[in-house]
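Start from the sequences, fold in the hints, and give me the full structure.
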Amino acid sequence: MNLTDVFWNASLEEIKRGYNEDSNQFTCLLCGVHVEKGVIYPNGDVLYEASRFIRLHVEQEHGSVFEYLLSLDKKLTGLTEHQTALLKHFYAGKSDKEIQQEMEIGSSSTIRHHRFVLKEKERQAKTLLAIMELLKEKDQYAPAFITPHKHAKMVDDRYAVTTGEQSKILEKYFLQGLDGPLSKFPPKEKQRLVVLRAIANRLDSNMNYSEKELNDILKEIYEDYVLIRRYLIEYAFLERKADGSSYWVKK
1 MNLTDVFWNA
11 SLEEIKRGYN
21 EDSNQFTCLL
31 CGVHVEKGVI
41 YPNGDVLYEA
51 SRFIRLHVEQ
61 EHGSVFEYLL
71 SLDKKLTGLT
81 EHQTALLKHF
91 YAGKSDKEIQ
101 QEMEIGSSST
111 IRHHRFVLKE
121 KERQAKTLLA
131 IMELLKEKDQ
141 YAPAFITPHK
151 HAKMVDDRYA
161 VTTGEQSKIL
171 EKYFLQGLDG
181 PLSKFPPKEK
191 QRLVVLRAIA
201 NRLDSNMNYS
211 EKELNDILKE
221 IYEDYVLIRR
231 YLIEYAFLER
241 KADGSSYWVK
251 K
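Numbering (full-length UniProt numbering), first residue to last: 1 to 251.
What the hints contain is simulated information worked out from the structure, not anything from laboratory work. Remember, it's a predicted structure, so these values are computed and weren't measured experimentally. Be aware that one or more of the hints could be misleading.
Claimed, not checked - Result set (DSBU-like, lysine-lysine): computed pairs, CA atoms no more than 35 Å apart in a straight line:
id, residue 1, residue 2
1, Lys74, Lys126
2, Lys250, Lys212
3, Lys121, Lys88
4, Lys126, Lys94
5, Lys126, Lys136
6, Lys121, Lys172
7, Lys212, Lys184
Shown next as C-alpha cells:
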C-alpha cells in the first residue's frame, strides 16, 4: 500500500492529527515516516517517547495538518483559490472586518456569506461521505481504483486505473518484475502514469539525489534515462532545484 492509499484510507480523526498507529508503530500520513513504539527519539537536547515524537514530527516537518490539507490540489480539496485564502484567514483567527480589509473584497457581510457557503460545503461533504460509506456495503461490483499520487496535476480519466489494470500494465512493461528494467516506455498516458509511479517508488523518499546519482539509478531501469527523468518531473513525482543540482521525491 503506497502513501496516498494510507492517507485516503485513514479515518477523519487520523487525518486531522496527521498520523495513524498500529500495534508496532506510528505512521505520518503526510510523508510516510514511521516511528516505532517503545523507542526513545532525540530532538535537540530532549528525548521523546514515540507518541510524543510523532506529534512533534508533524508539527516541525509540516507546520500544521490544516496548512498541509489546504496546500493539496483543488481537485482533492474541492476548494477554489479564493476559498482557500479565506480559510487561511479564518484559521488565523482574524475577524470578518480584518479579512475584508486585507483581501479588499466587498464588506464584512460578504465574508459572512462566504462562511455560510463553506458551511454548506461541509454539510454536503458529510452527507456524501455517509452515502459513500453506505454504498460500500452494497456495491459489490465497484472496482478498486488506484488513488492518484498526491501531487497529480489535472486529475482526469488518465488516473482512472483499477488495481487489476495496474497489475496488467506493470506485468506488460516490467517483464522481469518491478525490480527489473523497463522493456519500453508506454505510448499512452494512463500506462505512463502507472509505470512512472512504479519507478518513483524505487527511489528513496528521504534522499536528495545529485543528477549523476539519479541518472545512474534510472539507467538501470531504462536506456533513455533522460526521458524517464523528464517525465518524473513533468508528472510531479520528482522535484528538483532550478540548476538541476539536486532531485528528490515529492512528498
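Checklist entry - Hey, Lys121 versus Lys172, does the alpha-carbon distance stay inside 35 Å? => result Cα-Cα ~42 Å, so violated.
Item to check | 35 Å Cα cutoff - pair Lys121, Lys88 | outcome: Within the cut-off at roughly 16 Å; holds.
Checklist entry - Regarding the pair Lys126 and Lys94, is the alpha-carbon distance no greater than 35 Å? => result Given that 35 Å is the threshold and the Cα spacing comes to 26 Å, the pair holds.
Checklist entry - Is the straight-line distance between the alpha-carbon of Lys126 and that of Lys136 35 Å or less? => result Holds, at roughly 16 Å.
Checklist entry - Given the hinted pair Lys74 and Lys126, is their alpha-carbon gap at most 35 Å? => result holds, 18 Å
Checklist entry - Is it true that the CA of Lys212 sits at most 35 Å from the CA of Lys184? => result holds, 22 Å
Checklist entry - Is it true that the CA of Lys250 sits at most 35 Å from the CA of Lys212? => result holds, 19 Å
Checked against the numbered hints given earlier, this structure breaks only hint 6.
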